[in-house]
Each structure stands twice: as structure tokens, then as C-alpha cells.
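The chain contents come next:
There are 2 protein chains.
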Amino acid sequence: MKTVNINLGDRSYAIKISSGLLGKGEELLPWIRGNQVCIVTNEVVAPLYLKIVKKALSGKDISEIILADGEQTKSLQTIEKIFDQMLAIPLNRSVTVIALGGGVIGDMAGFAAACYQRGVPFIQIPTTLLAQVDSSVGGKTAVNHARGKNMIGAFYQPQRVIADPSTLATLDMRQFSSGLAEVIKYGIINDVEFFQWLEKNINAVMQQNAQALEYVIEQSCSNKAKIVEQDERESGIRALLNLGHTFGHAIETATGYSKWLHGEAIALGLVMAAYMSWTQGWISEQDVQRVIALLSKAGLSVEPVDDVSADELKSLMRLDKKVQAGKVRLVLLKSIGEAFITSDYDESALDATLKHYATG
Amino acid sequence: MKTVNINLGDRSYAIKISSGLLGKGEELLPWIRGNQVCIVTNEVVAPLYLKIVKKALSGKDISEIILADGEQTKSLQTIEKIFDQMLAIPLNRSVTVIALGGGVIGDMAGFAAACYQRGVPFIQIPTTLLAQVDSSVGGKTAVNHARGKNMIGAFYQPQRVIADPSTLATLDMRQFSSGLAEVIKYGIINDVEFFQWLEKNINAVMQQNAQALEYVIEQSCSNKAKIVEQDERESGIRALLNLGHTFGHAIETATGYSKWLHGEAIALGLVMAAYMSWTQGWISEQDVQRVIALLSKAGLSVEPVDDVSADELKSLMRLDKKVQAGKVRLVLLKSIGEAFITSDYDESALDATLKHYATG
Numbered sequence: 000m001k002t003v004n005i006n007l008g009d010r011s012y013a014i015k016i017s018s019g020l021l022g023k024g025e026e027l028l029p030w031i032r033g034n035q036v037c038i039v040t041n042e043v044v045a046p047l048y049l050k051i052v053k054k055a056l057s058g059k060d061i062s063e064i065i066l067a068d069g070e071q072t073k074s075l076q077t078i079e080k081i082f083d084q085m086l087a088i089p090l091n092r093s094v095t096v097i098a099l100g101g102g103v104i105g106d107m108a109g110f111a112a113a114c115y116q117r118g119v120p121f122i123q124i125p126t127t128l129l130a131q132v133d134s135s136v137g138g139k140t141a142v143n144h145a146r147g148k149n150m151i152g153a154f155y156q157p158q159r160v161i162a163d164p165s166t167l168a169t170l171d172m173r174q175f176s177s178g179l180a181e182v183i184k185y186g187i188i189n190d191v192e193f194f195q196w197l198e199k200n201i202n203a204v205m206q207q208n209a210q211a212l213e214y215v216i217e218q219s220c221s222n223k224a225k226i227v228e229q230d231e232r233e234s235g236i237r238a239l240l241n242l243g244h245t246f247g248h249a250i251e252t253a254t255g256y257s258k259w260l261h262g263e264a265i266a267l268g269l270v271m272a273a274y275m276s277w278t279q280g281w282i283s284e285q286d287v288q289r290v291i292a293l294l295s296k297a298g299l300s301v302e303p304v305d306d307v308s309a310d311e312l313k314s315l316m317r318l319d320k321k322v323q324a325g326k327v328r329l330v331l332l333k334s335i336g337e338a339f340i341t342s343d344y345d346e347s348a349l350d351a352t353l354k355h356y357a358t359g
Numbered sequence: 000m001k002t003v004n005i006n007l008g009d010r011s012y013a014i015k016i017s018s019g020l021l022g023k024g025e026e027l028l029p030w031i032r033g034n035q036v037c038i039v040t041n042e043v044v045a046p047l048y049l050k051i052v053k054k055a056l057s058g059k060d061i062s063e064i065i066l067a068d069g070e071q072t073k074s075l076q077t078i079e080k081i082f083d084q085m086l087a088i089p090l091n092r093s094v095t096v097i098a099l100g101g102g103v104i105g106d107m108a109g110f111a112a113a114c115y116q117r118g119v120p121f122i123q124i125p126t127t128l129l130a131q132v133d134s135s136v137g138g139k140t141a142v143n144h145a146r147g148k149n150m151i152g153a154f155y156q157p158q159r160v161i162a163d164p165s166t167l168a169t170l171d172m173r174q175f176s177s178g179l180a181e182v183i184k185y186g187i188i189n190d191v192e193f194f195q196w197l198e199k200n201i202n203a204v205m206q207q208n209a210q211a212l213e214y215v216i217e218q219s220c221s222n223k224a225k226i227v228e229q230d231e232r233e234s235g236i237r238a239l240l241n242l243g244h245t246f247g248h249a250i251e252t253a254t255g256y257s258k259w260l261h262g263e264a265i266a267l268g269l270v271m272a273a274y275m276s277w278t279q280g281w282i283s284e285q286d287v288q289r290v291i292a293l294l295s296k297a298g299l300s301v302e303p304v305d306d307v308s309a310d311e312l313k314s315l316m317r318l319d320k321k322v323q324a325g326k327v328r329l330v331l332l333k334s335i336g337e338a339f340i341t342s343d344y345d346e347s348a349l350d351a352t353l354k355h356y357a358t359g
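Residue numbers (numbering that gives the first Met the number 0), protein chains in the order written: chain A, 0 to 359; chain B, 0 to 359.
Hints listed in this document are in silico derivations from the structure and should not be mistaken for laboratory results. Here the structure is a predicted model, which means the values were calculated and not measured. Worth double-checking, as some hints may not be accurate.
Unchecked claim - In silico lysine-lysine, BS3-like type, Cα no more than 30 Å apart, as pairs:
#: 1; chain 1: A; residue 1: K80; chain 2: B; residue 2: K80
#: 2; chain 1: B; residue 1: K15; chain 2: B; residue 2: K225
#: 3; chain 1: A; residue 1: K80; chain 2: B; residue 2: K313
#: 4; chain 1: B; residue 1: K326; chain 2: B; residue 2: K296
#: 5; chain 1: A; residue 1: K326; chain 2: B; residue 2: K80
#: 6; chain 1: B; residue 1: K15; chain 2: A; residue 2: K326
#: 7; chain 1: A; residue 1: K80; chain 2: B; residue 2: K326
#: 8; chain 1: B; residue 1: K258; chain 2: B; residue 2: K80
#: 9; chain 1: A; residue 1: K326; chain 2: A; residue 2: K225
#: 10; chain 1: B; residue 1: K23; chain 2: B; residue 2: K50
Said to hold, decoys possible - To give an idea of the chain B side of the interface with chain A (calculated C-beta under 7 Å), a few residues:
#: 11; residue: G19
#: 12; residue: L20
#: 13; residue: G24
#: 14; residue: E26
#: 15; residue: L75
#: 16; residue: T77
#: 17; residue: K80
#: 18; residue: I88
#: 19; residue: C114
#: 20; residue: R146
#: 21; residue: G152
#: 22; residue: F154
#: 23; residue: Y155
#: 24; residue: M316
Beta carbons: idealized from backbone N, C-alpha and C, even for Gly.
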């Protein structure tokens with residue numbers, strides 16, 4: 000079993016990574032203080048894993064909240080329904096909320112836990128690659144608003160995270176590839192060795208070799224942890240983790256969160272960040288090609304989109320949380336393995352990038 | 000000018016107390032980092048004080064959100080409307096939210112600030128006595144749910160609090176007395192000297208003598224601060240501050256938050272806590288009479304209610320956040336100036352108290 004410790008003072012916690020962990024009560028029960036447990040999951044994950052998690056929790060007073068699937072459910076309305084159910088049971092202040100599912104479930108269950116009676120303990124059991132390598136580290140929870148993604152939320156750390164790579168076998172390849180976009184992102188940001196490892200081992204990863212997956216999850220979580228530990232509330236370098244996201248969120252918002260999976264939009268966002276860094280003369284054309292090649296091998300599309308316009312993306316980017324003093328701050332590249340945050344770029348390079356990749 | 004410092008590590012802040020502070024930009028502007036300011040207030044407070052606060056903030060990009068008045072507005076639906084307005088403007092992540100109004104406005108604006116883009120800076124300008132002596136200390140924010148008061152919320156500390164006692168002149172006496180219930184509560188919990196001071200000076204306080212008011216606000220805030228600093232998230236002694244509240248919240252919920260002001264319900268709750276402590280033999284009948292006498296002189300009713308039944312109150316108390324392992328934890332008295340938290344009381348003493356004070 001691999002362990003990644005997230006050191007955040009009195010909000011520290013551990014991520015445990017191993018195949019078959021899902022059914023092991025001894026990895027869950029010591030982190031549940033009260034008797035009440037509330038499992039929040041969705042109608043896709045529940046038939047697969049709810050039973051085994053409930054068995055691991057036997058002896059506890061377990062209730063379950065089963066939501067519809069999909070990013071479209073990630074709204075304040077759904078959070079309100081969760082509160083209605085929690086208060087109808089009623090769950091008290093010592094309940095532990097368990098998020099069983101992907102990033103959407105983690106974001107919503109975490110936000111509900113953050114606000115229920117002003118905060119109750121929370122455990123994450125991420126069942127998608129994206130959730131295991133990204134949303135399980137750093138305590139970002141949120142819901143979307145019609146005017147933007149993740150606009151309403153909280154920083155709220157879990158007590159513990161249980162990442163079981165064997166759950167990825169039931170994930171369709173599109174979801175799996177979407178998770179790999181974030182994995183590749185960590186290499187590009189500040190870990191060129193991990194990027195090189197991925198270039199060499201992408202086939203083993205795509206075949207879901209158990210050891211390769213555990214390594215990928217561990218490296219991703221510890222890369223993210225190093226950044227989050229220095230800047231929990233994103234007042235500085237945590238913004239590095241948004242590499243590809245300002246572009247990607249705009250694509251997701253423009254297409255109504257339905258056509259693109261999050262990681263698919265991020266993949267194209269990574270390409271756009273690399274391309275823009277090249278047009279600025281900061282990285283070589285070969286580096287752009289390496290980014291494109293690795294994303295392609297991970298099953299991700301790196302082609303321009305023709306149903307969104309450059310102007311549309313630009314106006315959506317201006318509404319992003321990363322805007323300061325009117326100029327969009329971007330995460331761009333000095334090299335593969337060295338990203339940086341800047342507002343000091345040529346507007347024309349941004350425009351050229353948007354025009355190249357959004358031809359609608 | 001009096002200052003009470005709330006020491007909570009990197010979440011520390013100061014409460015400034017002085018007549019006429021409202022119009023002083025120098026006490027506000029240094030705590031506003033960005034250019035955008037969003038004042039959240041209500042239709043009663045806006046005509047009185049919005050103009051003067053806006054003038055104090057001149058040079059900033061000011062937007063305002065004006066809500067309806069009353070505890071009934073303290074809902075997730077109103078919070079959603081606040082988000083809609085904030086995103087429509089649009090306000091970015093460096094906006095400072097200013098709560099201008101009483102406890103309801105502070106609770107809602109604070110909760111909105113806690114969740115908007117995962118948290119933006121927040122300043123409180125409480126304009127009621129209740130808000131100045133209670134909700135401005137300790138960072139509790141929340142909205143109500145049909146099934147209970149303050150069930151959804153966050154612990155979220157402001158950057159600064161500006162308490163201007165001259166705003167109390169526009170408060171009707173019922174609201175003013177309601178605030179005094181919380182003031183008297185601090186004396187009963189752990190400050191017998193303050194309780195004695197109030198017994199001697201209640202007339203000057205009722206006449207809103209400026210010096211007396213500043214002293215009352217300062218003593219209340221520093222009493223509360225001492226407790227909150229030891230237990231920010233209410234895992235232990237902060238529950239002392241709930242003296243009278245488990246009874247009081249049940250009365251408020253039973254009557255739909257419309258008939259009783261919060262402090263009026265707390266006043267009766269304080270009497271019930273004193274009475275129950277006497278029936279247990281922990282305090283003298285004379286102490287109960289002192290509590291009753293001071294609350295009465297502060298213009299608060301201490302009479303039993305005839306439209307709520309003892310059974311109704313008991314079942315509502317069981318839903319309270321303070322329930323642990325099935326038994327309602329109560330804050331009771333060893334003496335005036337020494338409250339304690341306990342589940343170790345005779346159920347019959349609780350029943351007798353409820354029957355004595357709820358005869359419906």
C-alpha cells in the first residue's frame with residue numbers, strides 16, 4: 000500500500016492507495032468518530048460499490064444519498080436536496096459524510112459536509128482516475144453556477160482518502176483518458192522526470208497495469224500535495240495547478256458542461272498553454288509536440304474545436320476566478336517541468352492561440 | 000475608541016467600537032485589498048446608513064445588494080439570489096463583502112462571502128446591539144432550514160468589525176432589549192462582575208448612554224472572544240455560549256421565527272436554564288430571582304408561554320445541534336458567573352422546567 004501525506008497543520012490527512020482497499024473496514028473505521036455515517040454516491044457508482052463499502056462499515060448507523068450522474072447535477076439545487084435528506088433522517092453534528100464516486104460526487108459531498116451544521120467530518124473514496132489524482136488532494140469543493148464553473152464552494156479538507164485503483168476497471172476509456180489529462184499536467188508543471196516516465200510507460204498505464212496505476216496515482220497526489228501544502232487557499236503558487244484550466248473551463252462553459260468531459264477540455268487547454276508559450280518563444284516547437292504526442296497516446300483529442308469561437312472563449316476567460324485587475328492571469332511554460340503564473344504576455348499571442356484552437 | 004482583538008492565528012481580527020465610526024473611511028479602507036466592494040444590507044438599514052458607508056468607501060468600485068428584512072429571509076434561497084447578483088455584476092475573487100445590518104444580514108453576507116468563489120474577504124458593520132455583542136465575534140455564519148435554525152453555514156472570520164453604538168438610536172426598544180439578553184448572558188456564563196455592573200447600571204444602558212453602551216459592547220465582545228479563542232469550531236467550551244439557546248431555539252422554531260425576536264427567546268431560555276439549575280439544587284432561588292430581575296429591567300419578558308407545549312419544545316430540543324448520543328447537552332449554572340456544559344442532569348428536572356415555562 001502506498002501512502003501520500005497531505006501536511007496542512009491541524010487539517011492534515013493521508014491518502015491511502017492500493018488495489019482492493021475499498022472493502023477494508025480497518026482503513027475507514029478509525030477515522031469515523033461518531034456512529035452516524037452518510038454515504039453520498041450516484042446511480043452509476045451505487046450498484047458497483049455501495050454494497051462493499053457498507054459492508055466495510057458494518058456496525059455503523061449508515062444512511063445513503065444517491066444522486067443522478069453527471070456534471071449537470073453539480074448545482075446548489077442538488078446541495079439543497081442533500082441537506083433536506085440529511086435533516087430529514089436526521090443526521091447530527093457528529094455524522095461522517097463519505098463521498099463515494101468521481102469528482103462531481105466528491106465536490107458536492109465535500110461542500111455539503113463543509114456547510115452541514117457548519118461542518119461535519121468528511122472521507123473521500125474516489126472511484127475515477129480524475130478524482131483519485133486531482134480532487135482527492137487539497138480540499139477544493141464546489142458547485143457550478145449558470146455563469147461559471149465551481150463558482151460556489153469551500154476549501155474543506157477530508158479526514159482521509161481511500162484510492163482503490165481496481166475501481167478504474169469499471170470506468171469507460173473516455174473517463175480514464177480524461178483523468179490522464181490531469182496526470183500529464185503534473186509532469187508538465189514541475190516534474191519532468193514523471194513526464195518522461197509517462198512517455199515511456201504510457202502503454203502500461205493505458206492497459207491499467209496495477210503497479211503502473213498505483214505509481215501514477217501516488218506521483219500525481221504527491222506532486223499536487225507539494226504545491227497545496229505551500230498555498231492551501233490559492234493565494235499564490237497553487238494557481239500553477241490551473242495549467243490548461245483557464246482555457247479548459249472556458250471550453251466547458253461554452254459547451255454547457257455536456258459535450259466535453261473535464262479532462263478532455265483540460266487536455267486541449269494544456270495544448271493551448273504549450274502552443275501559446277511557443278508563440279511567445281518560451282518553449283520549443285518540439286516541446287509542444289511532446290505534449291501533444293503524450294496526450295494523444297493517452298487517448299485524448301488535441302484537435303481544434305469548430306463549434307466555439309475565439310471571441311466566445313476570450314469573454315468567458317475574463318469571467319474566470321483568475322482575473323486580476325482586468326487582465327487574465329495564465330499559467331504558461333518555461334519548459335516541460337517548469338510552469339509559471341503570469342499576466343505579462345502579449346495579448347496577440349493569446350488571440351492567436353484562441354484563433355488557432357477555436358475556429359467556430 | 001475601544002478595540003477588542005480576536006486572536007485566532009492567521010484568522011485574527013479587531014473589533015473597533017466607537018460612536019460615529021460608521022463614516023470613517025480610515026477604519027475601513029486599509030482592510031479592503033482589492034478594488035471591488037459589495038455591501039449587503041436590507042431595506043430597513045439601507046435608507047439609514049448605506050449612504051454614509053458608501054461615502055466612507057469613496058474611490059472603491061461599490062456594488063450593493065439590498066435584501067428584505069427579517070429572520071424569514073435567512074434561507075438558502077436568499078443566498079442563491081446573492082450569488083446570482085454577485086456573478087451578474089460580475090464580482091471577482093478579490094471583492095470584499097461588507098455586511099451592513101443586524102445578525103441576519105451578518106449571517107447571510109458572511110455565509111455568502113465564505114462560499115463565493117470558495118471564500119472572499121468579509122467585513123462586518125453590525126447595526127443592532129445583538130449583532131454588535133454577539134454575531135460580530137467568532138465567525139459563525141448560517142442560514143435556517145425548515146427543520147431547524149442555523150443548520151447550514153460555515154465558520155468564517157471577518158477581516159474587521161466596525162461597531163458604532165450611535166446606530167442603536169434608530170433601533171426600536173424591542174430590538175435593543177433583545178440584544179441585552181445576550182449581554183446579560185455573558186455575565187451569567189463567566190463574568191459575575193459584569194453581571195453586577197449591569198445590575199447597577201441597567202438604567203444608563205436602557206437610556207443608551209454612549210459610554211455605558213461602549214462598555215457593554217466591549218465587555219460582551221471580550222467575554223465572547225476569550226471563549227472563542229479557546230475553541231473556534233465549538234468542539235468544547237464554546238458551547239457555553241449556548242446558555243439559554245437550546246431552550247430559546249426550540250421556542251423560536253415552535254413559533255416559526257416570526258413571533259419572537261431571537262434575544263426574547265434567549266431571555267426566556269436563560270430563565271429556564273436558571274430555574275432548572277435551581278430545581279437541581281445547584282443555585283439558590285435568590286440567584287434565579289436576580290436573573291429574572293435583570294432581564295425584566297432590560298425590558299424582556301420572563302413569563303411562561305401558553306401557545307407552545309412542553310412536549311413540543313422537548314422534541315425540538317432533540318433535533319438541536321447540541322444532541323450527543325441521544326441526550327440533549329445543556330448549559331446550566333453552578334452560580335451566576337459559572338456556567339457549565341452537562342448531560343448529567345435529572346430528566347425530571349428538565350421536564351418540570353419545560354412544563355413550568357411552556358403551558359400550551
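Ascending list of hint numbers which this structure does not respect: 4, 6, 11, 12, 13, 14, 16, 17, 18, 23, 24
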